[in-house]
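Q: One letter stands for each residue in the lines below.
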Amino acid sequence: MAKEIITPVAESKFILDALKENQRLDGRSFDKFRDVDISFGKEYGDATVTLGKTKVQCRVSCSITQPYEDRPFEGLFIISTEMSPMAGPQFENGSNTGDDEVLCSRIIEKAIRRSGALDVEGLCIVAGSKCWAIRADVHVLDCDGGIIDASCLAVICALLHFRKPDVSILGEQVTVHPINEREPVALGILHIPICVTFSFFNPQDVEENIKGAGNNEIAIIDATLKEESLRDGVLTVTLNKNREVVQVSKAGGLPMDALSLMDCCHKAYDITERITDQILALIKEDSQKRNKFAQILSSENAR
Amino acid sequence: MSDVISVIKRQSGLKYASIDNDEMENFSSDEDVPMVDIDGKSNGGKRNEAAAGEIVTPGELITEDPIWMRGHGTYFLENSTYSSAAGTISRVNRLLSVIPLKGRYTPETGDHIVGRITDVGNKRWKVDIGGKQHAVLMLGSVNLPGGILRRKSESDELQMRTFLKEGDVLNAEVQSLFQDGSASLHTRSLKYGKLRDGLLIQVPSSLVVRSKNHTHNLPGNVTVLLGVNGFIWLRKTSKMDVARETPSAGPASDISEGPTGAKSLNPTNSVSITRLEEESSWKIYSDKNDPSITPSIRQNISRYANVIKALAFCEIGLTHERIVIGYEASIAYSNIGELIEREVMESIGDDVINIEKMRGNGATE
Amino acid sequence: MTLSIAEKSYLYDSLTASPSIRPDGRKPHQFRPIEVSTDFLPSSNGSSRIISGDGSECIVSVKAKVIDHTLSDEELIQVDLDIAGERTDSPQVETLMSLLNKVLKSGPGFEHSRLQLTERYSFKIFIDILVISSNCNPASLISFAMFSALNTTTLPKLISSFDDLKVEELPMFDDYDLVNLKLKSPLVFLLAIVGNNLIVDPDANESEVCDNAIIVTWLDGKIRSPIRTLTLNNSYSKGFDPTLLQKGLKLIEENAAAVLTALESS
Amino acid sequence: MNVQDRRRLLGPSNAKPIVFSAATDIQSSEPKKDESSSFILNSGLIENCNGSSLVEIRDPKVTQHQTSLITSVYGPRATKGSFTSQASLSIQLKNGSSEKYNTTELKEVSSFLVNVFNSVINLSRYPKSGIDIFIYILYDKVLSEESKKSNNISAILPYCISAITLALINAGIEVDDIATAGYYKGDVISFIKNGEEVIGYWKDEGNCESFDVALEHCKTEAQKFKNLITTHILEE
Amino acid sequence: MSRFEIYSPEGLRLDGRRWNEVRRFECSINTHAHAADGSSYLEQGNNKIITLVKGPKEPSLRSQANSLKATMDVSVNITRFSKFERSAISHKNERRVLEIQTALLRTFEKNIMLHLYPRTQISIQVHILQQDGGMFASLINGITLALIDAGIAMYDYVSGISIGLFDTTPLLDVNTLEENAMSTVTLGVIGKSEKLSLLSVEDKIPLDRLESVLAIGIAGAHRLRDLMDEELRKHAHKRVIKASTK
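Residue numbers (our numbering), protein chains in the order written: chain A, 1 to 303; chain B, 304 to 668; chain C, 669 to 934; chain D, 935 to 1170; chain E, 1171 to 1416.
Read the hints as simulated data drawn from the structure, not as lab findings. Since we're looking at a predicted model, the values are computed, not measured. Note that the Cβ used here is the ideal one computed from N, Cα and C, for glycine as well. Hints are all accurate, no fakes.
Cβ-to-Cβ under 10 Å is the rule here; a few derived chain C residues that face chain D:
id, residue
1, Asp757
2, Pro759
3, Glu762
4, Leu767
5, Ala881
6, Lys890
7, Ile895
8, Arg896
9, Thr897
10, Ser903
11, Lys906
12, Leu912
13, Leu913
The whole structure should be built from the sequences, with the hints applied where relevant.
A: Structure follows, in structure tokens:
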């Protein structure tokens, strides 16, 4: 059974008072995204993202299947988000139907799948009969807030990292070449969506928030679990480097001034730019590392 | 039209015909609504003062004058008071509040209510009174068999279900209110307690006006208990009902002089209240109805039930007089079953209003 | 809903009196008044809504789809039921749905063959029922709503030839012209048995005290199957004299036509 | 090796595993056969529940189905939640035979059976309790050509009613009378009090022109079932 | 469908509206007086939505009672027949529906004075009889009306609107055809303020266009608020007159 996180009154008051004084518990400024650490596994398509104390792993796998009847030229792409009590007592085992779990998986779905980050047409092998099915399994290993941001990062990193086996088609005959036989191919990634989550706090009365002109609401980026449990509202913005808004979700919560929300979007863009560069650099580094072995192998063969 | 079923056909698509928009003006519905005139006639809190009785809607600014005390249906920021409900403004002395058009029954101390037991708990019953929360009736707030002076014992706690059980209907008075607004009831008077010999109907609580007396003996040997919460119990007039009204010349004489020519109640039959009190025993918690309810009384009860439903349908406030007038007007329909037809209900409503106006007491409200 | 013992015995005594005295004064064969609207969903082929005096409300949509009936022998009418606040697999919903599907089974007087378009193709009718609120068993109300919806259902007019077994072609329809389906579906009546009395269309209170109840299907002047006894309250039922069954069926036979006329004329 | 498992309590050293004696007589009573040897009634077969019955109908001449039903009754047992003044009855009908019955139809039949037995069981005797009945159609085969087409569950309803009655009696639950039913050309009528009272009527086919005939036929058949059940109980 | 049909060079949309016009908006309240404490029926374009609000009432389970404020639940029933093509599967328990329910719940939780109704429950039921684009936004309007009808204390109206972005032109209050052809944004605006309780973008939109979309959306939402207010006042007026004559 999922347990609600209850923060003691004294502690929550302390955190809120500190926020009013422009202070956060971990000393970050309001606009500071925690440092992102991305590591890749031995195999293709295995990425682990660490965001502060939050840790999310994503594993991408593929199989050959039949495409949907109404979309014969497209492959399949499934994202499954698994939040087990391993990450924290607030998650229930098995059924991921809690409000937050549903919102999280829907946002990742919209940010990556619906936005067309993966080129599904490139997954087609034989139109109408064979295609690749790509599956991304997200596991939240540790949760200290920001699981949407971290999960989205993990999925996109794993997709960028993944290589599917090469296939050759001869008439109706499809041959799948094992990875050790032929160099596997990368997936077509059309853009890199990055999620940034803002948490809103209301330092004053509800009346002031609804009727006042002050707009004194506090917005912080990338809240920790404690901050999340106390927030009054949340906004997740997904952007890519092309200055495109991929997805925005503010599912109720504290009413916020439209201009402040726009401001959040612009702040998110700066973070998006930075993280995208970081990911691309890491991917490059990783593939070079792997290529080094490939070169050794090929040079041996050449001899 | 056949007497088997009446079917009303509505042609106007899926428009819902609630009583208030019957004569809905048929503005051309295909027209799109233009964006212009955003700051048109309807106001979005840009006005300074709203007068008493005026209609306000949520979020609307009522006043910027800080002298007002803020009552129900309002909230404030700095000096400004806003409405939090759709309703009319009421100013009582310095208290400013908004009375919502509709809402559940809100109990007040002293209210005479009719309710239904939903739950038997530890030394208390839960009673559904049509409010936001169920009311509580403590074991200590009821009369137990064996006289008023009897002490309560632990065995009473164990046999609470033999007094009142789930489903039982009772009338009671609101004794006090808890912090959260829920009511605590008591039945420590012989006029309160378990109800028998009749049936319950429900109307919106706003139609029952609080008054001194909520139990009325009606022509045709029927007694009505108008619960302030909109629960109404109709039953055969009992000896006690007669006794209650006869000694005091006031309300009882009202009836015998009534325009209906109601049978004048025979005072020799009446039993004194004190005598009844002595008889107070297990009988007050009996589930047995009076065996002498004749078919004609049953028919009268059905007729009154339909009259009250018709008045409620027309959103006419329920008073003793109006129920009697409605009953008289309904006699024109010999078949009681006809009273559930829409037109008949409307015509009874009109009759009641007209007759009341003719008698000149319609303006008192 | 739970009634007190005193209320139940008052109601029971009134209803078993001779003649029975119903709490709202209705005659034993009198139904509660209803309000019908039809044809308000432009994206459905037929629609209707029925509201009863006690606030029970039921909305029915009829949608048609062209299917190749040579490929499968599925029923051409399919009923789906959704009662607000009830799970779709609750016994109440499933029981009612099974019954309604049987009511709309093809039979004399209600032939599904009327839905046949060409030698190969037929219309398949999907009837979706949404019960927004109900205080007692909604079977009867639903059947009235289905009747009004089917009675006003319009389908596209076929312009291709009927014989399409030899020449393969998909049915073609006129762009504008619609034809009235005019399918008269059976009506379902509820009959409560209290003591030796029978009453039609029991309301919530009457349902609570009746000894037993019969659900009767009626079509084209005749009683037909399905017929069954059922319980209107989940607490109480009792045996009854077999002659009451005959009496009940007769009561329906006598009054059903009036209901039909009222529904049709409206 | 001298490693003892300290996490368990060990039995005495001379303990022996339990040996079950060879199964001799599983059935509580020999199947009793009536004169036409087509009905086999059995009760108390299932140990775990409060009452059970096995009903097998075999003779193709009398009935249209060849059926065997197993029924178990659990209860009266305490229910959770708030107080109720009487027992609540639930019946679950499951199909294990090769005949295809629609699951929603089985639910409808279950509701019908609940209604029938609500009239028979003395429910007010068991406040705040539940009686749960499970019927399993072990085997079912439609014999007559005519009813084969329509895949009709009506014909086995009387068997279900008899099976439940028997299981209820076996469980020692108070009933007003022995409820049985008869089937005639699509009509199923269930009776108590020697056919003086109807407690259930079910009809899925045809119209109702010959109701009187059906009533008489069903009454005789129900009486026959009742006699079978009474003899079975008395013999036990 | 050609792009010119969606928005013609003359500035007309498929249904003849201009870019800044909302659809036909008709609503009524107190439509299901017997079945619920508050109810509304809304037609926004071809969206047809019934909303029922039950409560504040005694919670059905004791565990649902909160001694500080009312608990709320929202259930959205998208009927199978609500679209032109009948849906083969039931929409219950779909993730999209669960998401909408949660978003609606969180929108209204912040706008209702829940603290006034401790230990009670407010249940909102929405039935979508027909949908034609901008459904999410219409749900907000329907619920707002039903809540006000129920007499539940609220800080202000919440009005919902969806805006499409066609190239560089924002189109107010989109229908299904427009919704399928372009990216849309859904807003839930508080009263006449510029505060957004709900903001949902599900498809790609250039960051630099978002602001203009929000601006026109807020203006449109204010317009809808006025239309709702007008209907509400009309209704209130009739009731007041009725009460005074009797």
